[in-house]
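Novice: Let the sequences and hints guide you as you build the complete structure.
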Amino acid sequence: MTTYERQKFEVFSGLKGSRLLMSDDWKEEVSKCSKCGKCHTVCPVFLETHDESSVARGRISLAEALLDQQIVYTEKLRDYVYSCKKCMRCRKVCPSDVDYEKIISALLHGVAENMGIPLLPKIIFRYILPRRILFDILLKVSSRVQRFMPMKKRGQMRHLPLLFMGKRWIPTLARKSALQKFRKTKKIKNPRMRVGFFTGCLINYIYVDVAEAVVEVLNRMNIEVVVPQRQLCCGTPSSTMGDVKSTKRLAEENRKVFESLELDAIVSACATCTKAIKNDYLRILGPSWKQMSDKIYDISEFIDTFIGDIPGVKPLEEKVTYHDPCHLLWVRNISEEPRSVLKKSSRFVEMDMADACCGGGGIFTIIHYDLTLKMLERKVNSIEKSGAATVATNCPGCVMQIADGLASRNSTIKTTHSIKILQEALRKSEART
Amino acid sequence: MLFKRKKRTADIDRKGVSELVRALGKDRVLTEIEDRLCYSYDGTKQKAVPDIVIRPGTTSDVAATLKIANRHGIPVCSRGAGTGLSGGAVPLQGGIILDLKGMNRILSICPEDFTATVEPGVVTKYLQDEVAKYGLFYPPDPSSAAFSTVGGNVAECAGGITGLKYGVTRDYILALEIVLSDGSVIHTGRKTRRSVTGYDLTRLFVGSEGTLGIFTKITVKLIPEPEKIETLAAFFSERDDAIDAADLVIENSILPRTLEFMDHMSISAVRGYGGITLDEGVKALLLIDIDGTGENIKHDLPIVESACRKKNALKVKVAETGKERNAIWSVRRSISPALYTIASHKLNEDVCVPRSKIKELLQKIDTINEKQEIFVANFGHIGDGNIHVNIMYSDEPGQEEIAESVVQRVMEEVVELGGTISGEHGIGNRKSQFMELEISPQELSIMKKFKDFFDPKGIMNPGKLFPSSL
Ligand SMILES: Cc1cc2nc3c(=O)[nH]c(=O)nc-3n(C[C@H](O)[C@H](O)[C@H](O)COP(=O)(O)OP(=O)(O)OC[C@H]3O[C@@H](n4cnc5c(N)ncnc54)[C@H](O)[C@@H]3O)c2cc1C
Ligand code: SF4
Ligand code: SF4
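Protein chains in written order, with my numbering: chain U, -11 to 421; chain A, 552 to 1021.
Worth flagging that the hints you see were computed from the coordinates, not collected in a lab. Hints should not be assumed to be uniformly reliable.
Each computed DSBU-like pair below joins lysine-lysine, with the alpha-carbon atoms no more than 30 Å apart [what the hints assert, rightly or not]: (1) A:Lys742 x U:Lys23; (2) A:Lys676 x U:Lys80; (3) U:Lys90 x A:Lys598; (4) U:Lys20 x U:Lys64; (5) A:Lys577 x U:Lys64; (6) U:Lys64 x A:Lys897; (7) A:Lys742 x U:Lys20; (8) A:Lys868 x U:Lys23; (9) U:Lys90 x A:Lys910; (10) A:Lys742 x A:Lys676; (11) A:Lys596 x A:Lys676; (12) A:Lys897 x U:Lys20; (13) U:Lys64 x A:Lys596; (14) A:Lys874 x U:Lys332; (15) A:Lys566 x U:Lys80; (16) U:Lys64 x A:Lys598; (17) U:Lys80 x A:Lys897; (18) A:Lys742 x U:Lys80.
Specialist: Shown next as structure tokens:
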């Protein structure tokens, strides 16, 4: 027997920390974790670090320690909480069905409440995001300024509002945002459906071509597309920093906008926005959102569900492969639908590990830039191996990240949103007939 | 930078730490509470917080750690993926937790010799997938293969569902590089398929649960991958019929790749979960994989089927597609989570009896639980006699005590029947109190002498394996 004298286990006193963590619903989730370790198999962060602090099981044990008042909020804890990509892969494989999202959201909230949110993001979340015009102006200014900054690092912000915070730069902002472009709804005679389009920040300000493709494709299918002018950011950037108040405000504003319109469905072309408005809003706004939530679709999901066989489309000659965005696959289980649409509009080829994370994702890319790059490298390797000429995906964040990875290797492979493939196929088919 | 940072001093500052930092570098020595908490548990849900987390990258890092630990008498608990079910990787007495997960390279695969050499942190499934690229097969297949490590498997001598035909981890370990408690490094075994030079130290270390030394390199034996696998599920209305059917399969000289059993309670737990329909009348289930060449299987499959029919199977289903095979196995894989729908706590015992005693064991368990105060679900590797006895209990007062007394009596019966208290999960601290049921004082004292020889200061995973009286 050793005579080793154990370190006195420090218990912090005067815990202002754990106040927020006392609500029972997520306490129960914490105790459901059987500590089996299965979440190791899917966590993209753990795959790189092999460190327990990077995986659900480790973070759950930290949550447990907060509940037991063994620790308080510290910078280290914040780093570990922020290093979760919130991709929810772990949730999908967890045999004990732990609602990890509840736990990580509570931790993020706890971090924000107890350690504060840095001033800049706070201003953005609370004062700029809820005001569309101000956002428009500030974004333009800030992007101009950034382009003159000496430290142009490769890599980009996944969620546009975070543009203000990092030293990264983003692709050129469009002259005219999607919202401005689609001020007026193009009337369709006897439309088969009337849908609302939730653009999300990235598509609105940068990938306006994706918005055009969404509107054009749906119009061609005899569907009227309404682009509500007063819609706001989905709230993901503020929720990933635990700013519950701002997130709630954005959700409520968006609710007003969409509930006031009579729509058969709402589509989004951004995996993260779809997840936010369809899933997260249920938690934020409560069960009264259920009726709207049921009407929200990813664009490919919508086409596959309501159109099925796309009339008049001939597949492109081009080989196209598909990357699964985490928020579509792991949160919503959508993987067949985008492939099904791509198969109808191109020569589809599957890549190895299509479901591996591309490494993009909000604040993670700021704090763990090195890990982001490693994930991106894996992704780009599999894309190159697939032999495809184009990689398509259903998330503008992933488009941005992957395009950057391919560009840095001077690859000729193009990155695009899968709705653009369909748009092109439809246009070409029409030209041929 | 987005955040301002306060400089934080390490939580602990004690002898040994600064030496460790000097020897290994700052990044490999973690002492802050957040890190230590993340290494305080394993698959048993027990918790003990280590004082220092070491994340070595090489054998010499491990050796340096042990040298320092030995000098200061700091306990060292090694850890693979922390999936163990006997508490092996829980640092009961604090000290150092040695996280080997980062040493995870496959060093070589030699198809011509049928061997592979790996670092201990390699995930078992990864090794299996990599050797499969050469048409080779590493059979030990614990249900945790996708996330447990080869090092942890060797330390626990992990079993798995292929044990009946292919044996357990022990049968595939040819050679080990081991760091001993004083930091010296030894090499046991050879890379050859056989070697009888001297005592078999390799075997002594396999299953030693981190109490004798730390594996830093592991050479495993591989075999050719079978050409084909077929899967079959047989449904029974009587438990004994299922056991008889399993016997009959083997009496017919057929050794299935897997021969799994589920009892009434396990079935009722998975009824809503699994991929196949389980009528109320189904009270026992056999899940059988057979493998080999196409010819073999053509010969074996009808025999297995008819054995099940002869023993009154209600239905026998052979999977026709990969999807059906998955559906069948998903039933087995759902048991663990599904059991939690019965009660919120589980004591999972992995006892093993001679195959001929299985019926008797299950009857004994029925008797022990005659009053049905508690739910007991039995399933497992019936082909090996390795039955997982899962004692489920709730938070209600008194339940835990009942559960523990059931375990105690099950253990007594198992030993009485000539069985063993652990077929694959190891002893750790969870079962050390039962050691004396199975192991005689004389044997235990021999084991203790080995322990004292290799670890005179008692720093290697203290509190494990031996009953506290020793
Ligand atoms: C869902 C689930 C299913 C499971 N199914 C099975 C099963 O079918 N069959 C089975 O046998 N087990 C099973 N287990 C138990 C567990 O996975 C095994 O015991 C596994 O071998 C542990 O590996 P690990 O890497 O997680 O080791 P850990 O839990 O980290 O450690 C286990 C022991 O090994 C020691 N150790 C680890 N690495 C080394 C090393 N390099 N050198 C020396 N000692 C070391 C530790 O000190 C500890 O005593 C299961 C566990 C879970 C959670
Ligand atoms: S959400 Fe994703 S990154 Fe976070 S722990 Fe789960 S798998 Fe890992
Ligand atoms: S998979 Fe689920 S139960 Fe298992 S350790 Fe991870 S979170 Fe816990």
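Novice: Next, verify each hint and record whether it holds.
Specialist: Structure-based check of each hint:
no.: 1; hint: A:Lys742 x U:Lys23; in the structure: violated (36 Å)
no.: 2; hint: A:Lys676 x U:Lys80; in the structure: holds (19 Å)
no.: 3; hint: U:Lys90 x A:Lys598; in the structure: holds (23 Å)
no.: 4; hint: U:Lys20 x U:Lys64; in the structure: holds (25 Å)
no.: 5; hint: A:Lys577 x U:Lys64; in the structure: holds (16 Å)
no.: 6; hint: U:Lys64 x A:Lys897; in the structure: violated (34 Å)
no.: 7; hint: A:Lys742 x U:Lys20; in the structure: violated (44 Å)
no.: 8; hint: A:Lys868 x U:Lys23; in the structure: violated (35 Å)
no.: 9; hint: U:Lys90 x A:Lys910; in the structure: violated (45 Å)
no.: 10; hint: A:Lys742 x A:Lys676; in the structure: holds (22 Å)
no.: 11; hint: A:Lys596 x A:Lys676; in the structure: holds (23 Å)
no.: 12; hint: A:Lys897 x U:Lys20; in the structure: holds (12 Å)
no.: 13; hint: U:Lys64 x A:Lys596; in the structure: holds (24 Å)
no.: 14; hint: A:Lys874 x U:Lys332; in the structure: holds (25 Å)
no.: 15; hint: A:Lys566 x U:Lys80; in the structure: violated (44 Å)
no.: 16; hint: U:Lys64 x A:Lys598; in the structure: holds (21 Å)
no.: 17; hint: U:Lys80 x A:Lys897; in the structure: holds (23 Å)
no.: 18; hint: A:Lys742 x U:Lys80; in the structure: violated (41 Å)
This entry does not satisfy hints 1, 6, 7, 8, 9, 15 and 18, going by the numbered hints stated previously.
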